Amino acid sequence: MLEDISHDFECYGMPAVKTPTFNALAEEGTIYYNCFGTASICSTNRSAMMVGAHQRLTNTHHHRSNRDEPLSAPFKPFTYQLKKQGYTTILGHTNVRGKGRKIDVNFKHNKIGDWDKDFGLFDKYDEFTVEDQPFFAQIQLNVTHRGDWWDQVREESAHPVNPADVQLPPEYADHPAIRLDWAKYLDQVEYADAEMQMLIDELKEKGIYENTVIIVIGDNGRCNIKGKGYLFDSGSRIPLIIKWPEGYEHDEESRQIIASTDITATILDIAGVELPDYLTGQSFIDENFDRKNVYSFRGLWDEIPEQSCSISNEEFRYIRNDRPDIPYDAHQGYLEWYRPAVHVMRALNERGELNDIQQKWFSASKPNEELYNIKNDPFEVHNLANNPEYRDVLKKMRKEALAEDKRMTPVSSFFDPKPVPGLAPIEFIKEYHSEAYNKMLAGEEIGHSKYMKLYKKHLKEQNNKTR
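Straight run, no breaks: the sequence shown in our numbering ends on number 467.
Hints may be right or wrong, so weigh each one.
[Stated by the list, open to error] For lysine to any residue, the following SDA-like pairs were computed, each having C-alpha atoms within a straight-line distance of at most 20 Å:
1. K375 - L394
2. K84 - K99
3. K453 - P419
4. K99 - H109
5. K206 - S254
6. K108 - P417
7. K430 - Q332
8. K206 - E131
None of these hints come from the bench; they were simulated from the model.
Quick caveat: nothing in here was measured; it's all calculated off a predicted structure.
Take the sequences, apply the hints, and build the full model.
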């Protein structure tokens, strides 16, 4: 599982990036073009995938909330079902960046252990061996997540992506800092590609590559404008490539509409597990699979109490914004650190140097409803919600969203969000480290870890003074 990635492999048509390993897996297996997350934020989509049921239904739909609350009955993690089927379940790998052990789900759990005894999700860490068969391994390739390592990865790359070669979507201003940031992101994608090759080489060395299913997925879209945290295409459409066991008949590519929870159901189906009734995901290798759309939901993300949902199919996306008063550019603390493009474009907007498409991001509010023809308008530039020619499409998808709202009514109203500092660390930098703050406004990454340590030290000193 890669973090914060859209269709940004070479085999999906992303310019300037080289991903020979992912390309080869797509060539050998099946590449899927219409897989959508039921959420566009890591913990909520991961919660849905860990269970195989929509995060809203399981009351895990608010980012990093309810971490001490067990899942309501009858829901269980899919690894529980795999263990019952005789699979060894493995988390992470020592040779990938960060050891690949991230879980990030919104219910009580331990990474390792027995679910019935101590809410354990996996049997062990890191190593898959012949003796473990049958086994299931979940490995996070987290390099594509925004982080202080991006510059180092670029510096150590033998062929860093040339900013002049990248192609920016129309909602981005064409600015050197934005081009550089996009190139850095693609450097991380190439690093992940090399990590994937390392894992494949290990499977081959152990003689278990041919009979192993390899599933390459993302948890949500790239962390940038209209991406992670938003229900637009670049936030909710995720990569999906499957390398099947030797001799397994498969299509080279698929345009099936797939929800992220369907991946969970398909894994259980491959393993021979009878699918639990509580799943909202469906196995897409079942001959009766025929999903028509994907219902995605965006709730609380840190300090931003968003409430939006979407319906996506192959041709259209409908978005309903229940909090239109919260603008797209909500000045959320997390995103202030990690989207250089926004800082640059705010300054350009103030100077009147953005075009109409780019200015939309800085509107004071959002429309109540949005409708896009994602087949003909993949960057979702033209909102058709008020176009009379699409009135019937709008009514149909509005009705579908309302039906899904009802079907995915949470089983519990328990709500315990994790406290977050919001914009306070940014204000701290502005006041005490003005040079770094100005660099941030100019589109430079100044180092989240470094300044969060300084902020926490500052808080500790302030607390000591008031005692």
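A quick look at each hint next to the structure:
1. Of the pairs offered as hints, the one joining K375 and L394 holds, with about 16 Å between alpha carbons and a cut-off of 20 Å not exceeded.
2. Pair hint K84 plus K99 does not hold up; C-alpha atoms about 26 Å apart against a cutoff of 20 Å.
3. Only pairs whose Cα atoms come within 20 Å are accepted, and K453 paired with P419 is accepted, the gap being roughly 17 Å.
4. At roughly 19 Å between alpha-carbon atoms, K99 and H109 fall within 20 Å of each other, so this suggested pair holds.
5. Taking the CA atoms of K206 and S254, the gap is about 30 Å. The hint is violated against a cut of 20 Å.
6. Distance check on the hinted pair: K108 and P417 sit about 13 Å apart at the alpha-carbon level, within 20 Å; holds.
7. A C-alpha spacing of about 16 Å is found between K430 and Q332, which places the hinted pair at or below 20 Å, so the restraint holds.
8. Between K206 and E131 the alpha-carbon distance is near 11 Å, which keeps this suggested pair within the 20 Å criterion.
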